[in-house]
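Colleague: With these hints in hand, go ahead and build the complete structure from the sequences.
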Amino acid sequence: MAIAQIEGTASAWQLHVARGPSDAVLLRLSGRWTLDARLPLAGAVLDDAQSDGRFSRMAFDAGGVEAWDSGLVIFLRAIAAEAQRRGLDADLSPLPEGIRRLLALAAAVPERKDTSAGARRPFFLARVGTSTLDGVREARALLAFLGEAFLSVVRLVGGKARFQRSELLLTLQQVGAQALPIVSLISFLVGIILAYVGALQLRQFGAQVYVADLVGIAMTREMGAMMAAIIMAGRTGAAFAAQLGTMQVNEEIDALQTLGIPAMEFLVLPRMLALALMMPLLGVYADLLGILGGAVVGLGTLDLGAAEYYYRTINAIGIDDFVAGVMKASVFGVLVAIAGCLRGMQCGRSSAAVGAAATSAVVTGIVLIIVSDAMLTVVFDLIGL
Amino acid sequence: MSSVKIEVRDLDMMYGTRVIQKNLNFTVNAGDVFVIMGGSGCGKSTLLRHMIGLIEPARGDVYYDGRSFWDAEPSGRAAQLRRLGVLYQSGALWSSMTLAENVALPLGEYTDLAAAEIRDVVALKLALVGLAGFEDFYPAEISGGMRKRAALARAMALDPDVLFFDEPSAGLDPISSRLLDDLIHELRDSLGATIIVVTHELPSIFAIGTNSVFLDAETKTMIAGGDPKTLLRECRDPKVHRFLTRGEEN
Ligand SMILES: Nc1ncnc2c1ncn2[C@@H]1O[C@H](COP(=O)(O)OP(=O)(O)OP(=O)(O)O)[C@@H](O)[C@H]1O
Ligand SMILES: [Mg+2]
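First to last, the sequence lines map onto chains V and P.
Residue numbering for the first sequence follows the numbering used here, beginning at 1 and increasing consecutively.
Residue numbering for the second sequence follows the numbering used here, beginning at 1 and increasing consecutively.
None of these hints come from the bench; they were simulated from the model.
Don't take each hint at face value.
[Unchecked claim] Across the chosen pairs, the derived CB separations fall in these ranges:
(1) V:I182 / P:A170: 25 to 33 Å
(2) V:G135 / P:D112: 43 to 51 Å
(3) P:F206 / V:T9: 55 to 63 Å
(4) V:E66 / P:L54: 53 to 61 Å
From the three backbone atoms N, C-alpha and C, an ideal C-beta is built for every residue, glycine too.
Modeller: Encoded structure:
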């Protein structure tokens with residue numbers, strides 16, 4: 001006795017639902033049961049079947065199926081799962097051998113409960129709690145890292161730190177000499193921009209000669225160190241994180257650790273040292289090129305004389321400006337190194353984690369630079385530097 | 001010969017709150033080739049990382065020559081670590097150093113040898129693994145199998161008492177992996193070292209293993225142990241039997 005007859009578009013497939021022997025419902029499948037044929041939904045089929053009273057068993061007849069692929073397996077799997085949920089007993093044994101084997105294979109790998117549990121979105125308060133705990137853990141990791149870094153510096157001063165001289169020299173070269181071209185370009189252009197913006201305003205008062213003062217002070221006090229630091233955060237901080245992260249992935253850091261060689265001294269210390277030494281030099285170099293950029297604008301478009309521009313600049317910049325700039329650059333250098341090395345050491349064990357570590361090193365580096373710059377500016381103002 | 005070298009007692013391993021294995025108890029005798037077996041993801045590498053001091057156990061301890069590892073002072077721990085050599089799953093050669101520098105680093109750290117003597121030791125160790133003449137190559141410039149062998153040379157640099165191998169033959173062709181097995185055997189016999197291997201390779205397990213532990217991912221604990229050949233003959237546990245016979249039913 002037929003209960004329902006369902007058909008796909010253009011009669012690609014047919015599903016005949018009928019009352020079978022005893023209290024079974026019989027699903028007779030025929031036609032093409034393939035993924036592209038828009039197969040029916042398991043829930044809807046069972047609703048139809050149950051519209052005419054209750055059954056306790058389900059039987060299948062796939063003798064009329066002309067072609068099938070994963071689509072049929074997915075449909076049958078869904079039917080079986082849905083039947084189980086509704087307390088029906090689905091008898092898959094009359095199905096063709098190939099389908100039964102695939103269904104058995106798919107059922108053989110039990111879903112790992114402890115892995116899928118994390119996928120459910122937790123309650124709002126739980127999320128707040130978790131992210132608070134994450135924040136605390138992050139802060140603790142940062143403090144531990146800083147503490148260890150400090151201790152390794154102490155050992156360095158005591159002459160007991162263990163790292164390879166060649167590694168330090170190589171890093172010095174990478175973060176120093178090899179960074180000169182990009183630092184030159186950026187700071188020269190920043191000097192030009194500063195001069196233009198300044199000139200636009202100052203010309204209204206006929207005071208364009210002060211462009212030299214403006215560019216000189218802005219570069220030495222602020223922009224030289226800052227631009228050099230931001231370039232190094234993008235260039236070197238990211239490289240540090242990627243290098244250390246890759247070493248983490250390749251178990252190279254584990255290999256150091258089992259040998260009892262502290263990675264902090266062996267890997268982080270030379271990088272921190274290199275940046276702390278090179279950054280002030282890069283900052284001063286950036287100052288000079290920025291001033292040069294300003295001078296090009298001053299001489300080229302503001303009709304200032306070379307000697308005049310030179311003397312105005314020399315008179316404007318005090319030793320305190322210079323010292324403040326160099327101090328900032330040193331601090332930025334250490335911060336960029338810390339951000340890069342911290343993210344690299346925290347890196348997970350996959351290539352995606354290395355990418356994330358590099359990105360995060362740049363973001364952390366730039367945030368640290370700007371925040372510490374603001375704090376240093378206030379401090380310098382208070383102590384009159 | 002069969003004095004206890006390593007003892008793992010009541011070890012529980014967790015990542016965060018997720019239990020990986022619990023209640024592990026087994027001993028490794030001096031001179032054993034001890035195999036850690038089990039399906040993928042059951043925690044073999046994790047167990048290894050607990051034994052070589054990279055992860056602190058959630059509970060329990062590892063004893064080397066009767067001395068606790070995790071309860072020891074840091075200096076005592078460092079002294080125990082020095083007696084271990086580890087061949088990591090990925091080789092883990094330091095990529096910024098040549099093969100010679102890789103092998104020389106532990107020697108420079110822990111011995112008072114002069115530079116010339118270190119050079120001799122390095123040449124010997126590289127020759128033992130068939131890499132004589134590759135001293136000045138960087139890890140990126142040699143093949144995967146060669147990298148594994150170079151890493152083995154580094155693991156042997158300090159003539160360790162215990163050598164750990166994490167899937168030594170993973171990614172090697174059958175012949176290279178066979179050669180590596182022979183090398184491991186040879187090393188045990190010549191150095192008298194105790195060897196701990198994580199491996200899935202049945203031929204290796206039967207060829208070199210003298211003792212073993214079988215970890216199970218479902219019950220999260222060890223379900224068998226002993227000589228792999230005896231296990232194959234006598235173990236009644238269907239999971240162990242299926243593993244050792246590549247899934248054949250009895
Ligand atoms: N760093 C980690 N953080 C969290 N869970 C981890 C970490 N490393 C491994 N795991 C989990 O611990 C379990 C055991 O991993 P482990 O690497 O020890 O397996 P294994 O037995 O070595 O597997 P394989 O034979 O595939 O190498 C896995 O389920 C894995 O998901
Ligand atoms: Mg593993």
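Colleague: Each of the hints needs a verdict: does it hold here or not?
Modeller: Each hint, compared with the structure:
Between I182 (chain V) and A170 (chain P) the beta carbon distance is about 42 Å. The supplied range of 25 to 33 Å is therefore violated. One distance hint, 43 to 51 Å for the beta-carbon pair G135 (chain V) and D112 (chain P), holds here, with the actual separation near 48 Å. Taking the beta carbon of each, F206 (chain P) and T9 (chain V) are about 58 Å apart, inside 55 to 63 Å as hinted. With their beta carbons about 58 Å apart, E66 (chain V) and L54 (chain P) fall inside the hinted range of 53 to 61 Å.
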